[in-house]
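Peer 1: Given the structure of chain A, go ahead and fit chain B onto it with the hints provided.
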Amino acid sequence: MGEETTLKIQKIRNGVVIDHIPSGRALKVLKILGIDEGVTSTVSVAIHVPSRKGGWKDIVKIEDRELSDEELNRIILVAPRATINIIRDYRVVEKHRVEVPETIEGIVKCINDMCVTNKREPVRTFFTVVSKDPLRIKCVYCEAEMERDDIVENII
Amino acid sequence: MAMPMLKGKDIVSIKEMKEEEIEAVFRVADEMVPIARGEERSDLLHGYVLASLFFEPSTRTRLSFEAAMQRLGGGVIGFSSSAGTSVEKGETLADTVRMADGYSDVIVVRHPYQGAARLAAEFAEHPVINAGDGAGQHPTQTLLDLYTIKKEMGKIGGLNIGLLGDLKYGRTVHSLAYALARFRANLYFISPDILRMPRHIVREVERYTRPYETSDINEVIGDLDVLYVTRIQKERFPDPAEYRKVAGSYVIDLDLLRRAKDTFIVMHPLPRVNEISPEVDKTKHAKYFVQAFNGVPVRMALLAMVLGVR
Chain A
1 MGEETTLKIQ KIRNGVVIDH IPSGRALKVL KILGIDEGVT STVSVAIHVP
51 SRKGGWKDIV KIEDRELSDE ELNRIILVAP RATINIIRDY RVVEKHRVEV
101 PETIEGIVKC INDMCVTNKR EPVRTFFTVV SKDPLRIKCV YCEAEMERDD
151 IVENII
Chain B
1 MAMPMLKGKD IVSIKEMKEE EIEAVFRVAD EMVPIARGEE RSDLLHGYVL
51 ASLFFEPSTR TRLSFEAAMQ RLGGGVIGFS SSAGTSVEKG ETLADTVRMA
101 DGYSDVIVVR HPYQGAARLA AEFAEHPVIN AGDGAGQHPT QTLLDLYTIK
151 KEMGKIGGLN IGLLGDLKYG RTVHSLAYAL ARFRANLYFI SPDILRMPRH
201 IVREVERYTR PYETSDINEV IGDLDVLYVT RIQKERFPDP AEYRKVAGSY
251 VIDLDLLRRA KDTFIVMHPL PRVNEISPEV DKTKHAKYFV QAFNGVPVRM
301 ALLAMVLGVR
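As you go down the protein sequences, you meet chains A and B in turn.
For the first sequence, our numbering assigns the number 1 to the initial residue and increments by one for each residue that follows.
For the second sequence, our numbering assigns the number 1 to the initial residue and increments by one for each residue that follows.
Quick caveat, the hints were computed from the structure, so don't treat them as lab data.
Please note: incorrect hints may appear among the correct ones.
[Claimed, not checked] Simulated pairs of lysine-lysine, PhoX-like, Cα-Cα distance not exceeding 25 angstroms:
(1) B:15 / A:109
(2) B:15 / A:138
(3) A:138 / B:151
Just chain A, same shape as in the assembly:
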């Protein structure tokens, strides 16, 4: 991570750093992780910082916290190119890029009001991923397609 960025946000001792979040999406990531007034760990957020790869990005650092697979799956949808760094004793012990899956079960509500999954039937939503970049998904029930912004708005 570039010197500039590390100066802006303090290093963390133990926890997780979510890097390469699309600029402006950090607050969505916080929402997905349930970080609100009940938060018990220190969270640092950098919004609109220059990316070494060019352009702009957001970064979220959370101390003393691990991400569950379920949380990771949600983050993928708002930040398909994020990298997840696991920090122990100030050092990155694991670093992996998120991978958009072939299908998405639950997590997202279908955008189509007339879709049977929005009608109090005992089913979870189920989408196939039509395109990973840019992210586009398709409801297997009503075949409605959703793009990035629709997906972000409809995360359950």
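Peer 2: Positioned in the frame of chain A, the structure of chain B alone reads:
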């Protein structure tokens, strides 16, 4: 006859049917024609029960399914609208389907919500046939449309087929365009500008063929082998005067037919209002009533096939 290739299968979307399955349905439908006409009797499905679950009315589709089952000696239970059923008490579709599944061997579902048939198929043990799910899929309509073209023209691939009217909201034309493209027909999309084929359908079609889009039927009438007409609805237009002007330029009449090929046919999913002038009915080009009849043998074939007796 080959192995029963559709035995136990759900018919939810035309996209999930392989070409050889569709061809097999056509072959069995051909055998069913004399029975559908009442010229021959059959007890092929004697002892089988069809649950006909119509959560919204659809006279033609429901009657043709029920006629299909009864022509083959089977029984029918069900309802023709959700009025007076447990649905009004708030029962979920999933529960209604599981109940009907226990009383029948095959289920036909018509429902206002998109994806309803897929949900029904997940909850039912027996095969489910989608008879239209809101603005979603209506695979048996597509099958009978394809069957009609195949029967009348001897083939589908290579034909010049025009889809005319409301291509934006008409669900029939969406599934049909996709299926025709798969069979390698040359497609012409003819509609007013504001009712053009949605881009996502065009994208899917373009995997097989490049459709020609125009707003003027006169420009292409001489090229067409088949014209599939759909109704342009008044409520799609903010201005009634605009509607009258547009709808008027999409009326199929004798004058237009004079410029068509000799073998040219006109189809329509019905009901029609005034998009095909009644004088066309008596011409050899008019095939919409044949098309409506074909719904019966095609549905007979499907019922017999998913039940594994053909």
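Peer 1: A separate judgement is required for each hint: does it hold in the structure or not?
Peer 2: Comparing the hints with the structure gives:
| no. | hint | in the structure |
| --- | --- | --- |
| 1 | B:15 / A:109 | holds, 24 angstroms |
| 2 | B:15 / A:138 | holds, 14 angstroms |
| 3 | A:138 / B:151 | violated, 35 angstroms |
When each numbered hint is compared with the structure, a violation occurs for hint 3 only.
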